[in-house]
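Protein chains in written order, with my numbering: chain W, 1 to 528; chain A, 1 to 408.
In case anyone wonders, no lab produced these hints; they're calculated from the structure. Misleading hints may appear alongside valid ones.
Think about it this way: if two alpha-carbon atoms lie no more than 25 angstroms apart in a straight line, the pair counts; the simulated DMTMM-like pairs of lysine to aspartate or glutamate are [unchecked claim]:
{"hint": "1", "chain 1": "A", "residue 1": "Lys196", "chain 2": "W", "residue 2": "Asp243"}
{"hint": "2", "chain 1": "A", "residue 1": "Lys59", "chain 2": "W", "residue 2": "Glu21"}
{"hint": "3", "chain 1": "A", "residue 1": "Lys137", "chain 2": "W", "residue 2": "Glu469"}
{"hint": "4", "chain 1": "W", "residue 1": "Lys473", "chain 2": "A", "residue 2": "Glu136"}
{"hint": "5", "chain 1": "W", "residue 1": "Lys473", "chain 2": "A", "residue 2": "Asp195"}
{"hint": "6", "chain 1": "A", "residue 1": "Lys299", "chain 2": "A", "residue 2": "Glu183"}
{"hint": "7", "chain 1": "W", "residue 1": "Lys22", "chain 2": "A", "residue 2": "Asp264"}
{"hint": "8", "chain 1": "A", "residue 1": "Lys299", "chain 2": "A", "residue 2": "Asp264"}
{"hint": "9", "chain 1": "W", "residue 1": "Lys22", "chain 2": "A", "residue 2": "Glu55"}
{"hint": "10", "chain 1": "A", "residue 1": "Lys71", "chain 2": "W", "residue 2": "Glu469"}
{"hint": "11", "chain 1": "A", "residue 1": "Lys137", "chain 2": "W", "residue 2": "Asp248"}
{"hint": "12", "chain 1": "W", "residue 1": "Lys223", "chain 2": "W", "residue 2": "Glu153"}
{"hint": "13", "chain 1": "A", "residue 1": "Lys196", "chain 2": "W", "residue 2": "Glu469"}
{"hint": "14", "chain 1": "W", "residue 1": "Lys406", "chain 2": "A", "residue 2": "Glu55"}
{"hint": "15", "chain 1": "W", "residue 1": "Lys406", "chain 2": "A", "residue 2": "Asp68"}
{"hint": "16", "chain 1": "W", "residue 1": "Lys473", "chain 2": "A", "residue 2": "Asp68"}
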Amino acid sequence: MRFNFILTLVIVLLLISCKKEKTSWSSNWAAPLVSDTLDLTDQINDSTLAADSLGFLNIDLTRTVLDLGIEDFLELPDTTIEQSFNSSVGSLNVPPGFTIVNQVEEHTLDLKDVQLKKIRLTDGQIKFTVFNPLPTVCNFTVKLPGVSYNGVELEQQFSVPASVGSVPGSISSTINLSGYLIDLTGIAGSSYNILQSLLVVSSDPSGPAVTVSSAQQFKIEAKFQNVRLDYARGYFGSRVISDTAKLDLEPLKKIISGSINIPAPTIQIDIVNGVKIGARASILSLLNTNSSGQTVALTGSNLGTTIYLNEPTGSWGGLQPTTTTLEFNGTNSSIESYLENMGATHQLGYKLELNPWGNVSGGYNEIFPDSRLKVKVRAQMPLSLGADGLTLQDTFDLDLSQSVNKTHVSSGSFILNASNAFPISAGITLFLLNEDGTLLHTVVGSKILASGNSGNYDPVSGLFKKDSEIEFKLAPSMLNDVNQVKKVVVRAVFNTPDNFGNNVQNAIAAGSFLAVKLKTRFVLNAVY
Amino acid sequence: MKISCYIALCLLPVALLGQQTLPVQHDTLFEKGSFKHELILSGIADYNANALENELMKKLLYGGQITDGIKNRSFGNQRSVNRFGADVSAELEYRNYHVTPFKNERLGIVIKGGYYNYASLIYSKDLYGLAFYGNEKYLGQTASFSGTRFTGMSFQKVGFGFFDKVTKNSVSLNVYSISNFAEANIYAGQLFQSDKVDSVSLTLNGNATYASSNQYIKGLGAGIDLDFRLPVQVSETKTAIIRFEAKNLGFCSFVDKVTNYQADSTVHFSGYTLDQLQQSTSKLSLMDTLGIHKSLITKWRFLPAYFQVGKIVSDNDPSAVQTFYGIRMYGLSAYAPMVYAGLHYKLAKWADLGMSVMTGGFGRLRFGLYSNYRVGKCTLSVGSENVAGIFQKSALGESISIRLRCLF
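Isolated chain W (complex conformation) (with noise of 0.2 angstroms):
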């Protein structure tokens, strides 16, 4: 018993006298983590850059900042339409398969100035139902008199049941409209926004004789829905389209100070018709915000002119658009240094009027399915550039946690290998911030990333290019407060260097490249 109690007792004390430490040892880890190539081929293939014949690359920039078609010219709305018959005899016994009702109607549609003599539907429905007051069945047919699909008229028969008490038997039915054409012209011929309807009513052939009062009332709605027009002839009437069209360029909106230098550049704003109306146009203005807030606006002796739009030809599939041109230059306009500002948001004002002098056409407008208005900006200038301190900055969100408790990343560096075609070097500089923005460390690139300029005429490629390595030290202080960073400021300082240090403007070939291998080295802290 005693021996028992003693040796618990030691157990115990061991026990309590037993702290395990922490295990730690370090370990050296490298991997890469990107590897790509930055050049300029997909901007090629979407042309918005082209080499010429010396092999040096072109901006050709194409954004359309306006495109109007028949939907914002116009729009046919829900409309409704009825007709009805009442016997002009007090009563009248009608035998079986009698016809009660022949009678064609006019509808007008209100489309304000709008005077269409002919369209087509691309899309929509019409929703008829017909009402038989009188207590046995009746046959009803329905025409649409103009509204035809590859030459057959819309029609509809109707064997509509018997009323019951006063409330009159009705029947419903829906028809797609999308491919008819539609005549407004009206019986005559001659008018406009005018829908016909025929309704022809008889007794059952079938049924017995039957009396028909001139109370009884025969009524046919037709509901058109939805409607969407692909082709419109007639006066479209008279409007003014006024507004600002805005154009984001969202990768200039991270540069942050500098200037670049570009060479006489061309900026062409084409109006491009394809509505057969009368029109006019003019730019009213033309301005851009930098990054820094600083608005610059377009002068030249093009803003505010008013031109004209001539009509398109042909139609159908054979139609021609017309295009009408303002070009901005470095002679009649100030783009040079409009550009030099390096906006990042564009505003351009303008206004067109349609049908400024009214009906002049004799109702002949009109618009086809591929009817397009359109204001394009087109840029066109050698792609050559020259950089003084061009700082491009961009923020990141980044979220890392360690412990030195556990497993832990205590010391590394990431390197990057690149090998540089671009006649442009590159200073890079990350900021570690916390949540609150405060600058907690900052890490300087070892090394420039050297411009393509100053490095060897390769030629497999035609091309001189500069390799760099680039070191990012990540300090054991660093990788400390790696919990605090929560966002990583990447600034990239680009210069165009000649051979003597001056930042000169530097025509960039095609083909040019930057290739770019990350990777990492660290020292691993394994603690358990």
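Fit chain A to the given chain W structure using the hints.
Only chain A this time, still in chain W's reference frame:
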């Protein structure tokens, strides 16, 4: 302090296994009425390797900074294939001589319980290098870790059975509760990193499984323990006792599905493209990149059974010096059959000494010592199967075993 911790670690299970080389006080001269109960508390704490030095393993087990020197010395020992294993277990066994089950006067009942922890690892030299130095050591080379096998398992046992009061043969039926389990097999594994660190290639064919349930009892099992002692006449006057012993011979099944990672792919990675980085980084899954598929599977497996066959020391032998020898095996992949032999010396009426030599198991050739102390009807045995481990930093493991047997 280290020795204290070590001893505490050994004593934590509060018992030691008689299954080791400690004498089991084999005595066939059971005199009825001399005692009614026998209580055996036994345990072992043993870890062993064929290439890891103690100064490294102690840091791994007890904590501390593993310096480059420590890493380098063990790295120099590494062979192409290496083994490591650990066994920290305890068992309490009660034998009742008073009852007579089935009205058989020679039978008694045995009730036992135990707690077992096993770890077994087969690994390559390159895996050691990757783990302790990182992959920079292998730039421009291929690090191979094919054939890596790991098993880690903790379980508890409760058993009931019968024993022969004279021959001490016994059998018990046991139920098991599995509290921890993890297993990994890498059939083919290679990591190549270019000397410029612009690409890495990983070939991985293998699987890893672990019991991810939050329940303490993650699995249930059943098995048997057998202890059969065969007297063999070796001379006209001497009889040797050959003992066949098997423990934890059974299987277990996991209550919930276990988490399984499976890979059979070769992945070449030279870095993400900028387009990939511009996409949501959450879509850049490392598991997907490495071609590792995760699933939940139903699993059962055999328990890591223990077998030992050998001549044991007999209390009935009047000789001052007895030999013991035998072979031991575990159902663990890293455990090679271990052959042992030793001498037992009756120092005094109240004390014995023993020494042994053994090779195999998780490690290399090693020597053991033990001593018995008798106080009344209690016998305390303390020993080590790796004496060098107590004194030498360069030894390849440590071992201590204790056995306390009381009759009352």
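Evaluation of the provided hints:
no., hint, verdict
1, A:Lys196 - W:Asp243, "violated (57 angstroms)"
2, A:Lys59 - W:Glu21, "holds (9 angstroms)"
3, A:Lys137 - W:Glu469, "holds (22 angstroms)"
4, W:Lys473 - A:Glu136, "holds (17 angstroms)"
5, W:Lys473 - A:Asp195, "holds (20 angstroms)"
6, A:Lys299 - A:Glu183, "holds (12 angstroms)"
7, W:Lys22 - A:Asp264, "violated (35 angstroms)"
8, A:Lys299 - A:Asp264, "holds (20 angstroms)"
9, W:Lys22 - A:Glu55, "holds (15 angstroms)"
10, A:Lys71 - W:Glu469, "violated (32 angstroms)"
11, A:Lys137 - W:Asp248, "violated (50 angstroms)"
12, W:Lys223 - W:Glu153, "holds (17 angstroms)"
13, A:Lys196 - W:Glu469, "holds (12 angstroms)"
14, W:Lys406 - A:Glu55, "holds (22 angstroms)"
15, W:Lys406 - A:Asp68, "holds (20 angstroms)"
16, W:Lys473 - A:Asp68, "holds (23 angstroms)"
Checked against the numbered hints above, the structure violates hints 1, 7, 10, 11; every other hint is satisfied.
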